[in-house]
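Model the full structure from these sequences, guided by the hints.
Its first residue numbered 178, the sequence shown is counted upward by one per residue in my numbering.
Treat the hints with care, as some may be off.
As the list claims (entries may be wrong) - In silico EDC-like links for lysine to aspartate or glutamate, alpha-carbon gap of 20 Å or less:
| no. | residue 1 | residue 2 |
| --- | --- | --- |
| 1 | K462 | E429 |
| 2 | K395 | E372 |
| 3 | K430 | D266 |
| 4 | K425 | E408 |
| 5 | K395 | E434 |
| 6 | K425 | D438 |
| 7 | K395 | E286 |
| 8 | K264 | E286 |
| 9 | K395 | E408 |
| 10 | K334 | E372 |
| 11 | K334 | E380 |
| 12 | K264 | E434 |
| 13 | K395 | E429 |
| 14 | K336 | E371 |
| 15 | K462 | D473 |
| 16 | K425 | E380 |
| 17 | K430 | D465 |
| 18 | K264 | D450 |
| 19 | K395 | E252 |
| 20 | K260 | D445 |
| 21 | K395 | E380 |
| 22 | K336 | E314 |
| 23 | K260 | E434 |
| 24 | K334 | E322 |
| 25 | K462 | D450 |
| 26 | K336 | E372 |
| 27 | K260 | D242 |
| 28 | K430 | D455 |
Claimed, not checked - Here are the simulated distance ranges between beta carbons:
| no. | residue 1 | residue 2 | range |
| --- | --- | --- | --- |
| 29 | Q396 | G329 | 15 to 25 Å |
| 30 | R318 | A375 | 16 to 26 Å |
| 31 | K264 | Q419 | 20 to 30 Å |
| 32 | E429 | R379 | 38 to 48 Å |
| 33 | D470 | C222 | 14 to 24 Å |
| 34 | R363 | T250 | 43 to 53 Å |
| 35 | Q419 | F320 | 23 to 33 Å |
| 36 | Q419 | G347 | 47 to 57 Å |
| 37 | K462 | K264 | 20 to 30 Å |
| 38 | A258 | P297 | 40 to 50 Å |
| 39 | F354 | E286 | 38 to 48 Å |
| 40 | G287 | F354 | 27 to 37 Å |
Because the hints were derived from the structure by calculation, they are not lab data.
From the three backbone atoms N, C-alpha and C, an ideal C-beta is built for every residue, glycine too.
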Amino acid sequence: MGKPNEYLCAGGPLASGYGPVQADHVAARFCIPSRATRPSIASVCRNPPGYPLASIERAVREQLDHFCSLVFTEEELAYLATKRYLKSDFIDFLRIFRFQPRYLRVHCEGDRLSIEARGPQIHVMGFEIHVLSIVNELYFRAFDERAALQEGRDRLKRKIELLREFEQTGPARRHPFVFFDFGTRRRFSRLWHEEVVATLAREVPQYFRGTSNVYLAKQHGLTAVGTMAHEYLQTFQAVGVQLRHFQKAALEKWVQEYRGDLGTALTDVVGMDAFLADFDLYFAKLFDGLRHDSGDPVTWGE
178 MGKPNEYLCA GGPLASGYGP VQADHVAARF CIPSRATRPS IASVCRNPPG
228 YPLASIERAV REQLDHFCSL VFTEEELAYL ATKRYLKSDF IDFLRIFRFQ
278 PRYLRVHCEG DRLSIEARGP QIHVMGFEIH VLSIVNELYF RAFDERAALQ
328 EGRDRLKRKI ELLREFEQTG PARRHPFVFF DFGTRRRFSR LWHEEVVATL
378 AREVPQYFRG TSNVYLAKQH GLTAVGTMAH EYLQTFQAVG VQLRHFQKAA
428 LEKWVQEYRG DLGTALTDVV GMDAFLADFD LYFAKLFDGL RHDSGDPVTW
478 GE
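Encoded structure:
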């Protein structure tokens, strides 16, 4: 630990997996109604771990300190500038932006590892993905890597075989079947994630179309795909507008920022009924589609 090639986040922030676009599309940082908002975000392990996470506290601190030392490279910024939905002022902001360790608190409560980000929203909302992926990889280092990778490769091979079989024997479809990778936050390791994406892009490009990991999209010529995230709409619950109007305000701000791009709206922040009450004909004509994130997808679709 401590040598540059041992850090989980290598290169610039993009190479470390920065801004998997799913983090409410990085440019949504410029959509929030008040950049002075100071939220608190805590990392909570929902499932009992195989061993106390407190044992990796020091390693987590080292990795996060390194992550906060990263800045965007000009190559990364040039790539991001090719995305028409990212405006030039946002690229200029990224050129001087760096995550600040003073907004992070890592400590232990008994065997429990606690990580909290508290500070200006524009600085702390991006921590989530990196904290989760770092903790995940450090946690899995305690287990048999060779056995895990062999099992992962076997499963990946079987899934690719199923996709090829589906191509030959599957029923005719009105719409093509395609899928995307959204695995950064919960990946076994950075190297395994890169292997999975590279393998899928090589073996089944007719089905595998993109990833929310911007760096991997850049490396493999894939679409950097993302969604409207919960935290974006939830921000509007706290500032700027009456609570009953928060969804309308968030949707309106989104379309004003992206002007027809990124036209998929999230539906489940306060339930589908409440969403539909706000998503009137005006928004239906401005957005291209809706994001299903909870509940039965068939019921939701109907």
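To see whether the hints hold, each was checked on the structure:
Distance check on the hinted pair: K462 and E429 sit about 12 Å apart at the alpha-carbon level, within 20 Å; holds. The suggested pairing of K395 with E372 holds, with an alpha-carbon distance near 15 Å, which does not exceed 20 Å. The suggested pairing of K430 with D266 holds, with an alpha-carbon distance near 17 Å, which does not exceed 20 Å. Proximity of K425 to E408 is assessed by CA-CA distance (about 15 Å); at most 20 Å being required, the pair is judged to hold.
About 24 Å separates the Cα atoms of K395 and E434, which puts this hinted pair outside 20 Å; it is violated. A distance of roughly 18 Å separates the Cα atoms of K425 and D438; the hinted pair therefore holds under the 20 Å criterion. Straight-line distance between C-alpha atoms of K395 and E286 comes to about 40 Å, which puts the hinted pair past the 20 Å bound. Pair hint K264 plus E286 does not hold up; C-alpha atoms about 43 Å apart against a cutoff of 20 Å.
The straight-line distance between the Cα atoms of K395 and E408 is roughly 26 Å, outside the 20 Å bound, and the hint therefore fails. With a CA separation close to 12 Å, the supplied pair K334 and E372 stays within the 20 Å bound. At roughly 10 Å between alpha-carbon atoms, K334 and E380 fall within 20 Å of each other, so this suggested pair holds. A C-alpha spacing of about 9 Å is found between K264 and E434, which places the hinted pair at or below 20 Å, so the restraint holds.
With a C-alpha separation of about 30 Å, the suggested pair K395 and E429 falls outside the 20 Å cut-off, and the hint is violated. For the hint linking K336 to E371, the alpha-carbon distance of about 17 Å falls within 20 Å, and the restraint holds. A distance of roughly 25 Å separates the Cα atoms of K462 and D473; the hinted pair therefore is violated under the 20 Å criterion. As the CA atoms of K425 and E380 are separated by approximately 42 Å, the hinted pair breaks the 20 Å bound.
Proximity of K430 to D465 is assessed by CA-CA distance (about 16 Å); at most 20 Å being required, the pair is judged to hold. With a C-alpha separation of about 34 Å, the suggested pair K264 and D450 falls outside the 20 Å cut-off, and the hint is violated. Pair hint K395 plus E252 holds up; C-alpha atoms about 11 Å apart against a cutoff of 20 Å. For the proposed pair K260 and D445, the alpha carbon gap of about 28 Å is over 20 Å, so the pair is violated.
For the given pair, K395 sits about 18 Å from E380 by alpha-carbon distance, which is consistent with the 20 Å threshold. Restraint check: the Cα-Cα separation between K336 and E314 comes to about 23 Å, which exceeds 20 Å; the hinted pair is violated. In summary, the hint linking K260 to E434 is supported, as the alpha carbons are separated by about 14 Å, within the 20 Å threshold. Of the pairs offered as hints, the one joining K334 and E322 holds, with about 18 Å between alpha carbons and a cut-off of 20 Å not exceeded.
Taken as a hint, the K462 and D450 pair is honoured in the structure, with Cα atoms around 19 Å apart against an allowance of 20 Å. Of the pairs offered as hints, the one joining K336 and E372 holds, with about 15 Å between alpha carbons and a cut-off of 20 Å not exceeded. Distance restraint check for K260 and D242: the Cα-Cα separation of roughly 29 Å exceeds the 20 Å cut-off, and the hinted pair is therefore not satisfied. Pair hint K430 plus D455 holds up; C-alpha atoms about 14 Å apart against a cutoff of 20 Å.
One distance hint, 15 to 25 Å for the beta-carbon pair Q396 and G329, holds here, with the actual separation near 20 Å. Between R318 and A375 the CB atoms are about 22 Å apart, so this pair conforms to the stated range of 16 to 26 Å. Separated by about 29 Å at the C-beta atoms, K264 and Q419 satisfy the suggested range of 20 to 30 Å. Range check, E429 to R379: about 42 Å between beta-carbon atoms, so the 38 to 48 Å window is met.
About 21 Å separates the C-beta atoms of D470 and C222, a value consistent with the hinted range of 14 to 24 Å. For the pair R363 and T250, the supplied restraint of 43 to 53 Å is violated, since their beta-carbon distance comes to about 27 Å. Evaluation of the 23 to 33 Å hint for Q419 and F320 yields a failure: the beta carbon distance comes to about 50 Å. Restraint check, Q419 to G347: a C-beta distance of roughly 49 Å satisfies the suggested window 47 to 57 Å.
Taking the beta carbon of each, K462 and K264 are about 24 Å apart, inside 20 to 30 Å as hinted. Checked against the hint of 40 to 50 Å, the C-beta distance between A258 and P297 comes to roughly 25 Å, which is inconsistent with it. Restraint check, F354 to E286: a C-beta distance of roughly 45 Å satisfies the suggested window 38 to 48 Å. Between G287 and F354 the CB atoms are about 47 Å apart, so this pair departs from the stated range of 27 to 37 Å.
Consistency with the previously given hints fails for numbers 5, 7, 8, 9, 13, 15, 16, 18, 20, 22, 27, 34, 35, 38, 40, ordered from lowest to highest.
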